[in-house]
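Q: What follows is the residue order along each chain.
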Amino acid sequence: MPFAEPALVVASILFLIGAVGIVVRRNLLFVLMSLEVMLNAAGLAFVAASALHGEPDGQIFFLFILPVASAEVAIGLALAVLIYRKFRTLDLWSIADSAGE
Amino acid sequence: MITLDSAIFWTSAVVAIISTLSVLLSRNPFHAVLYLILSLFGVAMIFYTLGAPFLAALEVIVYAGAIMVLFLFVVQMLSPASVPDSAADLKRPSVGQFIFPAGLAAVLLTTTVLALYRSGSLASADDTNVVSARELGVALFKNHYLGVELASLILLIGMVGGMHLGRAAGSPDDAEEDEKVAVR
Amino acid sequence: MYGPSFDYPALWLIAGFPAIAALLVFIFSTAMRPKTAGWVATTGVGFGFLWAIYCFVAFNSAAGEGAAYLRQNHWQWLDAGYIQASAGFLMDRVSGIFSLIVTGVGFLIHIFSTAYMEEEEGQRRYFGYLSLFVASMLVLVLADNAFFMFLGWEGVGACSFALIGHHYEKSENVAAALKAFFVTRLGDVFLVLGVLLLAMVATVDFTRLDAIAQVDLGTVHPVFGITNQNLLFIAGLLLLGGAAGKSAQLPLQTWLPDAMAGPTPVSALIHAATMVTAGVYLIARFHVVFALSPQLMMIVAAVGALTALYGATCAIVQSDIKRILAFSTISQIGYMILALGVGAFSLGLFHFFTHAFFKALLFLAAGTVIHSLHGEQNVFKMGGLRRELPGVFWATLAGAVALAGIPLTSGFFSKDAILWSALTTDRGNLVLYGIGLFTALLTAIYSARFIYLVFLGESRATHHIHHPSPRQTWPLYILAFFALFAGVLNIPGLLHWEHYFQPQFGEWTAEPSHVLSAELIAALVSGVLAIAGWFIGAAVFGPKKVDSGRIIPEPAMNPAAIEIETPRPYKSGAASFLYRAWDFDRLYNATIVRPYKSIARILGAVDEYVVNGLFEAGSVILQLFHGFVVTLQNARVGRYAAVMLLGAALIAVIVTFFGTDNL
Amino acid sequence: MLTLTLIIPLAGVLFVLLAGRVSANGARVAALISTVLSLQVSYLLAAQTRLSIAEIDKLWIPSFGVHFAIRADWISALFVLLTSLLTVFAVAVSWKEIRERVTSFHVWLLLLQLGVTIVFLARDLMLFYLGWELMLIPMLFIIGSWGSGRKEYSAFKFVLFTFTGSIFMLAAMFYVYYKHNVETGTLTFHMDQLVQTSLSATERWWVFLGLLIGFGVKAPMVPLHTWLIDAYPNAPTAGSLMLSGILSKTGIYGLIRIAEPFGGEVFADFQPLLVTLAVVGIFYGAWIALSQRDIKRLIAYASLSHVSFILLGMFVSSDMGFRGGILQMVNHGIATAALFLIAGAIEDRLQTREFPSLGGLWRHAPVMGAFLLFFAFASLGLPGTGNFVGELYIIGAALQFHWVVGALAALAVLFAAIYSLRLFTGTMHGPEPAALPAFSDTDNRENLLLTSMAALLILLGFFPGLVTSPINPSAPPPAATAVAAHQPKTTSLLAMNISSPETKVIAAPAVSGGVE
Amino acid sequence: MSTWFNVLPEAILSIAATLLLIVSTLASTPAMRDLLRWLSVFAVVASGVALVYVSGSFGLSADGWLNATSFTTAVALVLLSLIGWAILASPVPGEYAGEWFALLLFAALGSIILARVANLPGVFLGIEVLSISLYIMVAFRYTSRNSLKGGAMYLVLAGVGSAFLVFGMALIYAMYGTMSVPELAVLSRSGALPLVAALGYGMFLVGVGFKLAAVPFHMWAPDVYEAAPASAAGVIASASKGATIAALLPFAFLLKSHFLVIALLCGASMIIGNLLGLRETRVKRILAYSSIAHVGYILLGFLAINPETPLSLPANINPDGAIVFYIVVYGLSALGAFAVLGMLRGDNIVTLNDLHGLGRTQPVAAACMLVFVVSLAGLPISVGFWGKLYLFSAAFNAGLVKLAILGLIGSAIGLFYYLRIIVHLFMVSPEMNPRGVVPVTSGFQKSVLVASASAVVIFSVFPDWLYLLIRGFK
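Sequence order for the protein chains is A, B, C, D and E.
By this note's numbering, the letter at position 98 of the first sequence is numbered 98, and the numbering carries on one by one without gaps.
By this note's numbering, the letter at position 138 of the second sequence is numbered 239, and the numbering carries on one by one without gaps.
By this note's numbering, the letter at position 262 of the third sequence is numbered 547, and the numbering carries on one by one without gaps.
By this note's numbering, the letter at position 236 of the fourth sequence is numbered 1184, and the numbering carries on one by one without gaps.
By this note's numbering, the letter at position 452 of the fifth sequence is numbered 1916, and the numbering carries on one by one without gaps.
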């Protein structure tokens, strides 16, 4: 059953929701989550694409996305913790406006 | 005609989209994480309908199971509960903030949909053939060993990063940290 | 072969001696004692004089063998296209006379200066420029082509600038010097253009000027698209302009009265020997060009006559002793130009010859007077000097009568001959003659006025008298002698002078009628007129006519605007008008000087704010753009992501709607 | 000879750096030695080029076809000579004026000389361009670090203007290069090949325009001159000396040696515009100069006027004008240098350049006054100085071009008189300003410099042939055959045939004639 | 010999990096840390040798992941040498030097993969290896708030970028069902591009554009450059850009379909990049803006590539060669400039005022800076000028006159801020320096600087030598 194209549409919808989230949310945690959503949506797109062609390559690509996503999250969250320590907030705007050093 | 698969697909798609939206809109990180987990479940179901059961499992285990839990830990650690929901960064973004990005997103979406359906040149397999874990493994390790290596390296780098940045958690004293991490 | 030899001495030395002297003075100026400087300069000019005599004699002997000129051509100086000029010297009748006068009178003036300048500051500078002045004048008159002549021509201007501004501490002197230089420079512009035109059409080699007569007047000149005739006419006008500039003829005469700012001997040099006569020399030199076109001669004559009248009218009311003489110079030069204009070239030179003596004499005398009165220049504050300075008085009297043209003085012969030609040559006419006569009358009047106010009557002077040294008086006596008797060279009937110049001006001279009776009558008329004028002057300004109460203020010069700003010194407006030299200065200031300055200021502002502003504006615009693009850079992840999203959307739109296989 | 003119400055740089380690004076002496050496060399070079062209041509950057091609015909050699001469002057005037970071100053100065020399010698467009840009950085430093007033601003303005202009120039050069490559398939920047490129009229039009802008900025040609008004006054004396004396000449040199050959026939289309601009420039500069309060600004505008005069001579496209222009370039180089030297000396003594606080200096400094008077007369074109000859030629050529142009050019001489004497009387004449500090006359060093400059001007005034006679009548010379044709069979610059009068004296002809 | 062998260079780097991590725990004294530096340099050299060794011996290898033509080898070697230079020049007094060098090695690994990779996941993974190690390097000095700021920003935005990259790849894959670049090239050249693929490539370009910091994906550059340690910033500017370009080169076939898009990126970068720098007072940001502009120039060269012919390094005006040449030129200059800044101050923010009087207190460093800046500005006769000339003439030959003119205008604007750096370096007295900078430079770093500066000078006089050098890699 041809779910591939609808799946691609769904993927792009998720992807864009993630993008919008990154634009509009100020809290670092939320931004990271949106990032996850985007990567995940990209993965979904790949799986759908592989479903189109009925071969495993797309799914394999998803397997490559996974570690990337987790690595990014690991570093991102570590940064979040540090930033919270230094700035007492996760608000990216106020962080941006606050002085360096 | 509505088959079981299509029902599953559409419901899970709707679930995924709505829950992702509510991640975007929620004000409490806890809820956000939970919504995200929900949307991941939805995506996993879609994987299933797309004939990638193994990936569906991975999605649940790795994403929902590992990454999101990591999120939860951090959320708890930073305990934004102490922070009132009314904190500037947790407020739900106003509609005005949405207009511009949402507009752009709409543009992108329309172009994508146009591309997908106008050209219709996509070769769609009439029937989804399920890729078993075995085939996947074979393909992965036969053709893409380099990718696997790189992926593992990426995880290693991530680990290094986590460790390095995590060090800070230990030491309250910045001064001595400073010259430890000194680099120009 | 005629190299510089005993027979044909090196001409360049005539100018060379003064030049070398000047060079010595300049180079060792700091080492030299002022006195020494004076003597070095004087010696240089003296040698120049002797050498000039030697050369002149040598030339005459050659002329006896039928040669028209001596020429020594040293090297090719200018060599480009039609500008071909050698650095060469030429001695013929005209330049011979001129070089004699320049060196001779110059020598006397130098001697005079050694005494006159004794107490002054900056003697070295003074003498250096003085003999350089003489040297340049000699180059002017001895050059063998117009371009080389121009070297001397400009050198004269430069030295006059330095000398007029000798007392540079006072702004008005500086202003006067600048005025002299600029006005004459304007003339030089015309001269350059004229010379270039001539060079383009024919030649400016003085030995080949007859070639100008051979030019086919009918043909159209390729460059200018007008016939050679008109071209030569224009060239002549331009030359006249140059002459007017240097010789202080209308309308470029305004600089001369102010040139009084310099020390008096300088004025003597400028007026008698060197600078102002350059114009006369120029026209005499290029007589061919002028003689070719009657209209041109007419214009020249008119300029001369009018200037003569102008100078006389102004001189008659002046109060400053030197201004009187200055205006008289203008007037007398006018006579010379008139003479040239009516085609009596040799007579023009003759008047130059005589004038040189009596004018130098008068100026030096004036200098002595001023000197002895400690710088007093207002004739109404003098008087009765006859008792104090008898020698000076008699000498001055000689000069004055010569200037007035009292019969049997040199001035009489020269002036009368000019008037006669103005009447009888085919170029002359009654109007010119009339003007000349009237001017002669005025001349006599102000000469008398000069004598009476300065020397006769009771003393109105406040200072005690400072007696001149023999070095000041002897030159006066010598000059007085010539002033009285130089006329014999051209006694009507004998006319050595005119015959002497016959080969030079030859066919170009417009012959006056030589009916002796008529000529004698004319001479009688002018003589009587002169005497009458003298008596009128005596009657008006004679003893007990001028009370010390009625004193005319001396002109106060306003350095900012180079013009005479005086209250109306006389009750009659006309007199004041004449006193202010017909208000030429005001006219020029209003029409030329002030507009020029204001335009300069405006242009300056334009360059500052408009032209430069354009480029500044460019940078401002760039910075505006910068500000525009940089405002987005506010470290906010959300906004950055939004821009990325925008880019992505743009790309998507382009790809989708502008086609993919574009370009 | 040829390579030495380039090597000596380079070696000089190292020499100065080493000597600078010893002492400041060491650097000065080293710089002086190297400049005097290159003066000697370029003198010999010039003497040689009176007979034959010196040339070197090596492939330098094959991948671009950039040649190390330098050629010295008379004109190039002349300007190289002028360059090295003025560099000697520059070192000498900086002797006391430059007190800090002496070493680097002289290093930059020598680099500047190198760049200019390359420009005057290069026969390869890219090499020319490199030399052209090589002048930028040194000048930036010389103005920016040792200047006065708004020095950084001026330095910036200079560099940005020149660089922007040179971009147009480069674009034009590159286009020809490209076309030549398309035509012949060979990559070369060598002029002799590139001039043979066949370009359509419109192409030539654009190429010429690009080159014109590039060179016009440097010259400078009105209205591209505004950098000059800041750069000249605010540079140190040596800087303004080099700027006005040489760098402006590079622009003109480029116009006659590069722009005109490439412009070819389209030059005729530009000629009216260019002549107009030149005339406008003459009066513009002369007029504004009068309204200046700052003596150096006055000199700057005067220099603008003179440069426009030179350009006029170049643009009327006649042999006479060309000779006048070349001669005038030399004269202007020397005269303006001298004026800047004196102005710098005054500023150095009084710390001011404004007329209101100047005047009556002659009493204190008669010698300086005499020199200033001389050079003022020189700059107003008094006969006896080379300037007169140059201007006379140019006026004569302009008169042949069109009588109006000629008349205006002649009138400009009057204007020149006005501002020049304003400069002199404003400083030396008139009453002294209140509170004039002790003012010392020129010292021996300055006297020596000024005397030599004056001597040069007078020499050129009486023997202009020294400069002009070797110029090939077919001016401006197409590079290849430049100056190959001229006669003098001696290798001394002073080979004017100044013959004693005897040679010119011939037997007295008939009565009409005269004894010659 | 199995095609496994072709992975040797990457293998060497990754093993060396892992070893380094282990050894670094033992390295306690500065001396031993210097040992680590040399170890990593050795690793780089070794993998370079390996590269040369395996070059050309295989076509596509590692099952279509890598290829080893002489061109890719040359590019990879260029990138390696840049990072090797960074390792030599980066001053790491701190205790965690081992990690730093390890991260640099990982970055090197990512770069050479990008230089050699031949399929989509390879591109993705290479970019990730590179950028994840860069995140950590940017935030390495976690005690400074600035680093954290910049690190977080870089992480998030780079994540977005790679998300776009992947999504684009997904669409491409959905269209063609293959991930091998050569096959894609063949498929895409045949006829007009279907919309899906076009869109996919578009998003792919978004991701690449982000890594390149091409306008409009440039916003992050100034903040991140400023936050990062100078040497990290140098690597971001030089090696990571070069690697991304290298990854883009095989996609030259896009020029047929996406010319307009790339042209826009190029033009905008050249103009806006230079405009942004115009009045900036913080030096690192200035360099960031200049890097944006330089990406524009490089893209100009990329646009000039003829999609039909294979990549090569011929002698004359040729876009591919010009791009590689420029990567070297720009990389050298940028690394050098950042290295000077790195010596200048401990903290991140260096304003123009901090440069005051450097010309007198630290003539050597200042002179080097002068060389680098002049080369960046592309003033003759610097090697930067030659590089630009190569690029522009290539573009001109390809008929991109308008863009070339735009580039000229851009560089004219750019000259302004480069000049400002020079002026502040040399023409202001040390007293004017607000923070009284006394630069701390070890003799070693100084010598490295001088070496690279003199390299720049030499290549400026004889640009062909650099060319021969690059082509010599085979």
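Calculated from the structure, these hints are not laboratory results.
Be a bit skeptical, because a hint or two may be false.
In silico DSBU-like cross-links for lysine-lysine, where the CA-CA straight-line distance does not exceed 30 Å [what the hints assert, rightly or not]:
#1 Lys-86/A / Lys-243/B
#2 Lys-1720/E / Lys-1127/D
#3 Lys-1866/E / Lys-1720/E
Selected chain A positions facing chain C (Cβ under 10 Å, derived; list incomplete) [said to hold, decoys possible]:
#4 Ile-13
#5 Val-20
#6 Val-23
#7 Val-31
#8 Gly-54
#9 Glu-55
#10 Val-81
#11 Arg-85
#12 Ala-96
In this text, all values refer to a predicted model and were calculated from it rather than measured experimentally.
Each residue gets a CB set at the ideal place from its N, CA and C atoms; glycine is no exception.
Q: If you test the structure against every hint from before, which numbers come out violated?
A: Result: hints 1, 4, 8, 9, 10 and 11 break, sorted rising.
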